[in-house]
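Q: Chains as they are written, first to last, in our numbering: chain A, 1 to 386; chain B, 1 to 165; chain C, 1 to 308; chain D, 1 to 118.
Hints were generated in silico from the structure; no laboratory data involved. No incorrect hints appear here.
Quick list of in silico lysine-lysine cross-link-like pairs, BS3-like style, CA-CA up to 25 angstroms:
1. B/Lys-5 - B/Lys-139
2. B/Lys-139 - B/Lys-50
3. A/Lys-315 - A/Lys-283
4. D/Lys-86 - A/Lys-283
5. B/Lys-139 - D/Lys-102
6. D/Lys-87 - A/Lys-283
7. B/Lys-50 - C/Lys-32
8. B/Lys-67 - A/Lys-320
9. D/Lys-102 - B/Lys-67
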Amino acid sequence: MSDMEIPVGPQHPALKEPESFRFELEGEIVKSVDIRLGYVHRGIERACQDRTWVQAVYLIERICGICSHSHTTCFCQAVEDIAGLEVPRRARYIRSLIGEMERIHSHLLWLGLAGHEVGFDTLFMYAWRDREVILDALEAISGNRVNYGMNTIGGVRRDLTDRDVEELRSAIRILEERVGYYTDVALEESTFRNRLEGVGKITKQQAIDLGTVGPTARAAGVNVDLRRDDPYAAYDEIPFNVVTAEAGDLLAAAEVRLGEIRESIGIMKYILDNLPDGPIAVKAPRRIPPGEACSRYEAPRGEDIHYVRSSGGDKPERVKVRAPTLANINAVAESMKGVRVADIPIIIAGIDPCFSCTDRMVRLEDRISGRVEVLRWQDLSRRYRR
Amino acid sequence: MMLEKIIALSRKSSPWVCHFNSGGCNACDIEVMATLTPRFDVERFGIQLKGSPRHADILVCTGPVTKQIRERLLRVYHQMPTPKYIAAVGSCALSGGVFYDCYNVLGGIDRVLPVDVYVPGCPPRPDAIIAGIVKVLQKMEADALELGDQGRASAAEGGNSRVSH
Amino acid sequence: MAIIDDLFKILVFPGFLFVVNLGLFLEWLDRKIYARLQNRVGPPWYQPWLDILKLLSKEDVIPEGASRFMFTWLPVFYLAVTVTASLCIPVGTYAAIYSFPGDLIVVLFLLTLATIILFLLGWYSGSPFGRVGAVRAVTQFLAYEVPLVAALLTQALLADSWSISLVMARTTVGFPRFVVVHLTALAVALISLQGKLLRVPFDAPEAETEIVAGPFTEYTGRRLAFIRLAERTEMAVGVGLVSDLFLPFPARLGVLGFVISAILVTFVLSVLRASVARFRIEDTTVLAWKYILPFSALGMVLAIIVRG
Amino acid sequence: MLPELIRSLFQKPATVRYPVERVPAPEGLRGKPVCDYSMCIGCRMCSRDCPAAAIEMVDTGERTPRPVFHYDRCAFCGQCADTCPKKAISLTSDYELSAFSKDDLVSLERRRGESAAG
Ligand code: SF4
Ligand code: SF4
Ligand code: SF4
Ligand code: SF4
Ligand code: SF4
Ligand code: SF4
Ligand code: SF4
Ligand code: SF4
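Turn these sequences into a full structure, and let the hints guide you.
A: This is the structure we're talking about:
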């Protein structure tokens, strides 16, 4: 068969988001990939400069609906750092709690989508059915299923009532039973394993060189987890394990994510048992004193970094976001060479991408000649690797 | 009239949906996906999510329209066979939402395409999305029966639409 | 009168209307069982019919880059071929419209033709997804066609005939004696039928997440309706064939037995669809040649031994 | 997988019967925000803090302007309710807001206000 090109995206059933991949095929084998990002670039970083500190939190939350809590926590931590605010202990616990719930919802979402990508819709249905349990709990606590809006600069906006705690405990019981069961079943299903094993493989060295983060890195044996390495919120007081695997393929990534769900449930239990009393927020000033800070957060997909600078006004002077998918996308490009068409969706899905935080372009301006260059992603990664 | 009735019935009972994210934050998208899952199971109404816009009757758009996506959105719309309907899901898709003044955002879907039903929310709950789709179905039925605006309003009665003053 | 009688047979029962409706009914059954297996409610019973009606009332689009002639006529041929195949399938004891000593071969040939049309459908639709899908359809065809034929051949050998109605009658009689051979062949037939009908795990040719809808990506309106009808008819033919040849009910209980068997076969196919992930196209080939084919050959050898 | 599938087959589906029966929304759902005009003092704080610029201050004939919500813009974040010094704004549990026209997505009071103003 002659060579041909197939476009995947920006509107394609495997991608729930508009991204464009162009694959040059030789038969069923991928010869080269051209990734084109930028369809969901909305210019949030710039827009933050036009928002007050209060408004910016909600805008940051909407960088992405899946790990919204990660972004706001990360941002608020940076701002609190600049303003020198001491977040109450109870608020830190609640932040961690919501963070872990978000991790569970996000990993279940991934498991379902992974099933969907390889034509295993039953797994998709089961995983998403059980995900509703955690979404219900989140809705009860925060008032919304997604984009919880729990964070504010200086603490959290809503307190956990006793009833919430009770409901959470029963949700945890259901989750523990069902999630444990289904995830085991999923990993035992040989056709599903067959689609994951050895696919999208990266070595430990590659994982380090390409700068991968989160489950993608941990699946390749890189033992990193900010919750342990650079504790924030309440993680310095909570015991938990970092789950890693060795193989570096998608099966390992699945195992890591499933292991993390179990750890997260453990963390939630610990938090509910040890929830300290006290206020949930300190009052934040409308104007943040001048200064800059960088904050890191272990989002479900890996390390999220926010850099914030204030010039003393009621609006941020600069906000810079480095979200996890951006760090992982190089690994996708790497593991995509020479694969078969059938594996494309699952490899893309493997890092659990969601591009709404990743879309960006780089504008280089030569100070001397004044020449301006806009680089697309592939140009950038080409340069970067050489 | 008989034939029209049959057509109206078949159209409103078998809406195939194509989902397009024009630059949203994912939350709306996962809620659209969630309507397919056992809790909400829109296959009850014959709704199926189709990958190809050629097979779709309703285009469900989420997210604000970014400058770069505009072209694609139009292309997907033109690939759909008539009669076609658009449901804008989420505040972004309605007006740009929190991204209203971003430099790369054009605004809501209706800046580019004619929207039939607006579903506010950030993100709307899956129930609210279903309620919105049901509205599209009412409109479809009314259009197939060629009731005109008057009839459309009465066919839409019983939904939660407020009669405008 | 004879003409009217024949026309009735061809157009209504057990001809066109019957198979098409049977096919649509089986589609609903399949979707419903699939949904229930996934703990959801699933579509109402009239869904497949309304889907078709809706498609008929939609705009037809001929995309740029597609061959107009092929694009228009292939769906019609597709339906014609599958309906013709159905005319050879006896509905239980109710004899088929065309019944002759070699009708099993003819049905197999027509089903092969259907796959070739499927290839052309995709190839001339002017979409890269269509092309990839088309090539996959043919690749897969090579994988399951041989086992399918082998499985049916086993039955034919056991019954010592190439006539569907004869095999049907004799299978029932000889059932207990050849039970091992019989079940081997049945298993192979069910799996390769799943492949023939492009269902999970063998749905690589129209895998939604990879190549949108494969060969059908560009089709709209009436043409898509024809394609869907043809697919359903193909399903009815395949399921009917397996019921007739392998299950004891059609020969004993007539039309009722035929429908019961068809439901049973569909149920098995649905459970299979719900419990596995899709195979890559390469894996399908390997699986077929490495495991299913030897298995079906074993069945054939056994059949020759027991007969001999 | 198989045993689980068969179990599901005989289990009651997990599907809710929406829209025939509404599922009760949990308490504290962040639905449609509304303002009790009798409590509002027209201080504009809500409008200033709204991240989506969804609140428009409209002259309704009272001494101070009153907030009007544009639900097509609103992000249902609840900041306005948190901000309001008089606790005049609350988020109701009404979430089925879909409409055929954007005109229906402005809080009703505004249109009344407009007609009052002429
Ligand atoms: S890349 Fe993402 S986070 Fe950055 S400005 Fe664009 S939309 Fe915002
Ligand atoms: S450099 Fe480009 S992306 Fe960054 S703020 Fe300026 S215009 Fe926006
Ligand atoms: S500017 Fe680019 S390369 Fe530099 S830290 Fe940010 S994402 Fe990484
Ligand atoms: S990695 Fe980015 S797009 Fe994905 S969930 Fe996190 S913030 Fe959202
Ligand atoms: S409406 Fe809200 S949830 Fe939906 S895409 Fe926009 S910001 Fe995200
Ligand atoms: S009390 Fe409120 S309205 Fe009055 S002057 Fe102060 S800020 Fe303004
Ligand atoms: S809920 Fe949030 S977005 Fe909506 S009006 Fe209030 S502050 Fe604005
Ligand atoms: S903040 Fe409260 S009192 Fe002030 S204008 Fe808004 S609703 Fe009225």
